[in-house]
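Given these sequences and hints, build the entire structure.
Under the working numbering, the first residue of the sequence shown carries the number 1, and numbering increases by one thereafter.
Check the hints yourself; a few may be wrong.
[Claimed, not checked] Restraint ranges, calculated between C-beta atoms of paired labels, are given here: (1) 84 with 249: 39 to 45 Å; (2) 249 with 116: 35 to 41 Å; (3) 224 with 128: 29 to 35 Å; (4) 303 with 343: 30 to 36 Å; (5) 513 with 16: 49 to 55 Å; (6) 40 with 353: 44 to 50 Å; (7) 10 with 326: 34 to 40 Å; (8) 360 with 339: 19 to 25 Å; (9) 28 with 224: 42 to 48 Å.
[What the hints assert, rightly or not] Straight-line C-alpha distance at most 30 Å; calculated DSS-like pairs for lysine-lysine: (10) 70 with 117; (11) 195 with 493; (12) 350 with 318; (13) 70 with 113; (14) 2 with 195; (15) 366 with 316.
Worth flagging that the hints you see were computed from the coordinates, not collected in a lab. C-beta atoms are modelled at their ideal positions from N, C-alpha and C, and glycine is treated no differently.
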Amino acid sequence: MKTLANYTQGQWQEGHGTGTLLLDPVLGTELASVNAQGLDVAAAYDWARTHGGQALRQLSYAERAALLAKIAQVLQANRNKSFDISQQNSGTAQNDGAVDVDGGIYTLSYYAKLGSKLTERNLRTDGQSDSLARDNVFASQHIYVPVQGVALLINAFNFPSWGLWEKAAPALLSGVPIVVKPASATAWLTHEMIKDVVQANILPVGAISLICGRPDGLLDALNSLDIVSFTGSADTAADLRRHPNILREGVRFNAETDSVNCAILGSDDDTTATDLLVREVVRELTVKSGQKCTAIRRILVPASRYDAVAQALAAKLKTITVGDPRNPEVRMGSLVSRQQYEDIIQGMEKLSAHCDILFDGRQETKILADTATAACVAPMLFGTREPDTNSVVHHIEVFGPVATLMPYRDIEHAFALARRGMGSLVASVYSEDPQFMAHAAMRLAESHGRVHLINSAVAKAQTGHGNVMPQSNHGGPGRAGGGEELGGLRALKFYHRLSAIQGSPDILARLSENPGQ
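In structure tokens, the structure reads:
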């Protein structure tokens, strides 16, 4: 069994003690261990700031973009190995692994291309200068400069590849060194990818560091000018926000957390729209066993269509085979761990107490694995005909292959139900009425980070309700964490500081010319 070493200060270091085991979620066999006990986190951060940060900032945006392109090439060359690790450590079927592995490579490639066209002037100056005196002899110009601290990237267990690179790409492009802290349960893929990049000698020493396991002082060693980007549960985000360095010292903090996302079927009663919704819901329930922060959790349909949609979903879900992803008959793999299995079973019991069961995967689904040890959960479709009084369905997110169907009276009722999620990452809408779709977008945008509008015209080209594309904003208000990631060049703003420079127009005009780093 291998030990996944930490990479800090330009060297690989193992922690002290026994560490935490990584297991095959289907077979239960031990794969590796992680341990960061005894690691000098403060020294690791200081090394990253003084060595990695300085070296990165000496490069232009275009030069840093070229580094991202080289990273993508290395990952592409090792793609098959990454799929194999994902299958063993995350229990994912081949298509599910592609969402994670290929998603990370695509995001890197996108930012490499975007950054290749970026100059200091493109990003440095924010808008035009504003006069502060008569005849414009004294003015104000807002500028962005890269953060000179370290970016701590705390990632979730469900996307050990994409979750890493969607944060790392804009950070490195900005010239900010990163310290990566993957979730222990699935750290193997993150570790192997960073190891491949380090061995390829692409980045300046100190530009990327890796901490596996749970070290002491992860947040204690940050200073006020460092930043943290977190993906995970709302409870963990709340704990992190209470840390003195974030609460009182001003460490910049971005969070992407729990979300009870919804899909809405329009009231135009079009069978094409219904088919598109059913297909997407089934995909969201089964890809990565529903363990996606963007997965559909609530399905809102006109009351007159409730029974028909329930039957259509049940018929599709009945065809799903769950189990060991190494079995060619299996379409849907396992959860990432037995602990997640226990959590999801408990969540389903809570929903069962408040909802009808419209499709019971425990009875209807074939599971090709040892259910006594494998972290396999069959899809479950719940339903409630009283979504106004059933607050549980708007509050509890069961992080697995679970969704709840609910009827709405009219479209205003549908929007009100969607908003009861109190902030979500994404809502999708299915209709053939373009006027309604535009209206829905405006109504849903206030409480959703992304609104996904689907009709027959985009059915084949659409990227999927749950797929996060680097061109679009990822994040959401309220319960979803209040964070913002990706969205093209918008992602770089988090890794820059905004400052208002006041002086003569002649001096202000020189700001975009002088790198000043």
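These are the hints, each one checked on the structure:
For the hinted restraint 39 to 45 Å between residue 84 and residue 249, the CB-CB distance of approximately 42 Å keeps it satisfied. Taking the beta carbon of each, residue 249 and residue 116 are about 36 Å apart, inside 35 to 41 Å as hinted. For residue 224 paired with residue 128, a C-beta distance near 31 Å keeps the hint of 29 to 35 Å intact. At roughly 32 Å, the beta carbons of residue 303 and residue 343 sit within the given window of 30 to 36 Å.
One distance hint, 49 to 55 Å for the beta-carbon pair residue 513 and residue 16, holds here, with the actual separation near 51 Å. Checked against the hint of 44 to 50 Å, the pair residue 40 and residue 353 passes, with Cβ atoms roughly 49 Å apart. A C-beta distance of roughly 37 Å is found between residue 10 and residue 326, which places it inside the suggested range of 34 to 40 Å. Checking the proposed 19 to 25 Å range against residue 360 and residue 339 shows it holds: the Cβ atoms sit about 23 Å from each other.
Checking the proposed 42 to 48 Å range against residue 28 and residue 224 shows it holds: the Cβ atoms sit about 44 Å from each other. A C-alpha spacing of about 16 Å is found between residue 70 and residue 117, which places the hinted pair at or below 30 Å, so the restraint holds. The suggested pairing of residue 195 with residue 493 holds, with an alpha-carbon distance near 28 Å, which does not exceed 30 Å. Note on residue 350 and residue 318: the hinted pairing holds, with a Cα-Cα distance of about 23 Å set against a maximum of 30 Å.
Among the hinted pairs, residue 70 with residue 113 is consistent with the structure: their alpha-carbon atoms are about 12 Å apart, no more than 30 Å. Distance check on the hinted pair: residue 2 and residue 195 sit about 14 Å apart at the alpha-carbon level, within 30 Å; holds. A threshold of 30 Å between alpha carbons decides the hint, and for residue 366 with residue 316 the separation of about 13 Å falls inside it, so the pair holds.
No hint from the list above goes unmet by this structure.
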